[in-house]
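J.: If you want the building blocks of each chain, they are given just below.
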Amino acid sequence: MKPAAFDYVRADHLDEALEGLGREGGDARIMAGGQSLMPMLNMRLARPKTLIDIMRLGELARIERKGGAVIVGAGVRQAALLAWPELGQALPLAAMALPWTGHAQTRSRGTVCGSIAHADPSAELPLILCALEGEVHLRSAKRRRWVAARDFFAGMMATNRADDEMIEAVSFPADRTRCAFREVARRHGDFAIVACAAVATEKGVRLAVGGVADMPMVREFPRLEASALDDALNLFAYELEARDDVHATARYRRDLVRRIGAELVREVLP
Amino acid sequence: MSRLPAGQRHAVQFTLNGKPCSGEAEPRMLLTDFLRHRIGATGTHVGCEHGVCGACTIQIDSELARACLTLAVQIDGCALRTVEGLAPAPGRLGILQAAFKRHHALQCGFCTAGILMSLDTFLREHPRPSEQEIRDLLTGHLCRCTGYTPIIRAALEAAEELSGDVSRETSHA
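As you go down the protein sequences, you meet chains X and R in turn.
Counting in numbering that gives the first Met the number 0, the first sequence runs from 0 upward without gaps.
Counting in numbering that gives the first Met the number 0, the second sequence runs from 0 upward without gaps.
In case anyone wonders, no lab produced these hints; they're calculated from the structure.
Among the hints, erroneous ones may be present.
[Claimed, not checked] Pairs of lysine to aspartate or glutamate residues, derived as EDC-like cross-links and limited to a Cα-Cα distance of at most 16 Å, are as follows:
| hint | chain 1 | residue 1 | chain 2 | residue 2 |
| --- | --- | --- | --- | --- |
| 1 | X | Lys48 | X | Asp26 |
| 2 | X | Lys1 | R | Glu25 |
| 3 | X | Lys48 | R | Glu62 |
| 4 | X | Lys1 | R | Asp32 |
| 5 | X | Lys141 | X | Glu15 |
| 6 | X | Lys141 | X | Asp14 |
Isolated chain R (complex conformation) (with noise of 0.2 Å):
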């Protein structure tokens, strides 16, 4: 059994997109808190803080999290993935991105990151999802600029894409 006690900072090691990160936490720090304010992660978004708007959705241990419903300390030992681990290279998109981008699937980019590490999970579980797959999946965030036609058309192009029934130039450098 270990008990961290209130008010202390205690040492939270997990790996960030694949390479180490360590930082400190007090038991009550959202997780959210701490990716962005300790860590400098400032990717993943912050909305409600209670885990109805999905911005702040992030992979932990490959499965979905509302990183606003998670402690910091409870991720010791976990690998974090966040929307900063998806381009494939500085300056470049990744697919998801990309079809994001072509079919102009954000407007003001707030809840984008959470849906982003969303339909990244998914399409990877679900090569081929049907329009009714993605829309129960985006029932868990809310968008109030796109009216979510645009990032439905986007989850689909990508899906087709990824899963090689389509190939396309995807340098958007």
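Chain X extracted, bound-state conformation (with noise of 0.2 Å):
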């Protein structure tokens, strides 16, 4: 339970972590908070050459709204963007799934981002990004793009980051109000054996649903009669292809999907 030797870098601007990332690419991890990284070094399942700190980069501490969105910088801690004054009117889907992410002494350190690109396949925050259909700015020393959140997740703690890429912030739409988020843990902040944020679009509802497949899986619903809702939702639930472990039956997360699904759709569908 020690970490491999590492070299320790800690970076005084921002070009230094990309020019690190350029030279050594997978062999050199960012670190952030260190809250889901940490425990990954602590029990050797990631043994990086390098560790990038760039927790004292202010530039990436910033929360901003920007044209209709949130931006949450690769720095902001996810107890600053609990507790951001604006939160509970930009972005409610964070304010209802921010006290689920970890326990207080944990989000006193875990960044936002840090929990977006580690991607546990029953983490929140990931979650409410594909729920609101953000956005993932990924930055190197040579480019930068924009992944929308549905095409950055890519399977059990895997992403479409390049190795030469680094999380600069993540985009979260603001202003959608009529949003619910629901999980069920062992223990209120252990890992969601099934979480679900459901977020009212034009047509309908858009459901997704943390803790059961790979990655956040996302579906659109249109308004639908409760038994057709009710059929809809056991398809989808079906269709995630939920396993047994240690935590919960296959088919106890298939009912979990089911009933927290139509609780949420009824509450952001009145």
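Take the two lone chains, each set in its own frame, and fit them into one complex as the hints suggest.
T.: Following this line, the structure appears as structure tokens:
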């Protein structure tokens, strides 16, 4: 339970972090709050040769409203977003989901972008980024690109970030006030057995489910009568290909998707 | 930019419970091991070493942190507070510690250092917490002896006392 040896680099400028990634690629890892990466290092599931600490880069620690979106920089801790005075109005879904993200003792260090980079299939922040159809702002020494959340996540703790890229920020569409979030976990703050987020759309509702498939899964539902909605949710629950594990059976997970899904759809489509 | 090569020890300077402190650490050294083995501050306990149990919870620059999810080299220039900083004087207990003693809020004491640090931080920002808020905070800790109820009682009583709602004889020397 101790990390393997690595060089530790404390970046004083963003360019230094990007150059390091460009030079060392997959042998280097960016560390922000460390609340996902440090357990991986301790368990030696990650063994980078170089760790690049970006938490002294003040420019990354900003929350900005820009063109109908909230842009959260790579240095913004989860506790800082939760304490942001505009959160309840601008990002009510994040206000609902963040108290479920880890514990107070980890939100104080862990960053929003770090959780998204880690891409745990049970994590709340990737889930709400998908539900809101947000974007990931990737940057390397050579280029910048914005990737839609649905194209960013690639599987269990896997993303389409290239080795020389880091997440500079994530962008959440703001003012989606008709939304709902619910989670079932063994202990509040532990990883979700099932977590669901729903956002009202022009035609109906978008439902995102975490904790079941390898990554957050999103489905659009039109306005449906109760029995048709139950059928559609049942189909969705089966398509997620839930698996049994020590925490819950596949059958229990499907049942939670059906029940929580129906509750959330009713909440956002009165 | 500073690059600290693997396998070499690097100087780390910080303050520990208000006093200047320094030591040397390899980049891979966890803050838990650094505090306990290099500095000799063994009040911070090591449980799961992946951020789940909460035994190693301390304050870094007044914010809560799991010492096992922090590298020693990261705290260069930071202000640390650990359970050793809670007592007002040798042989005396702080208000929170005294409430834990009165309510039997610890048995083996393994989890206690971390829980005290969480409560110390939380009560400073939330002087009149609800029971539910205390329960939410304690989800970040595992205790296998008390069943949590005495911990919640102690926390609520300490909160009352700290916010000046109750005065109590505080000498438990």
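J.: Hints first: check each against the structure and report whether it holds.
T.: Hint-by-hint comparison with the structure:
Distance hint between Lys48/X and Asp26/X is fulfilled; the C-alpha atoms sit about 5 Å from each other, no more than 16 Å. Restraint check: the Cα-Cα separation between Lys1/X and Glu25/R comes to about 12 Å, which is no more than 16 Å; the hinted pair holds. For the given pair, Lys48/X sits about 29 Å from Glu62/R by alpha-carbon distance, which is inconsistent with the 16 Å threshold. Straight-line distance between C-alpha atoms of Lys1/X and Asp32/R comes to about 10 Å, which keeps the hinted pair within the 16 Å bound.
The suggested pairing of Lys141/X with Glu15/X holds, with an alpha-carbon distance near 13 Å, which does not exceed 16 Å. Between the alpha carbons of Lys141/X and Asp14/X the distance comes to roughly 10 Å, so the proposed pair stays at or under 16 Å and holds.
Checked against the numbered hints above, the structure violates only hint 3.
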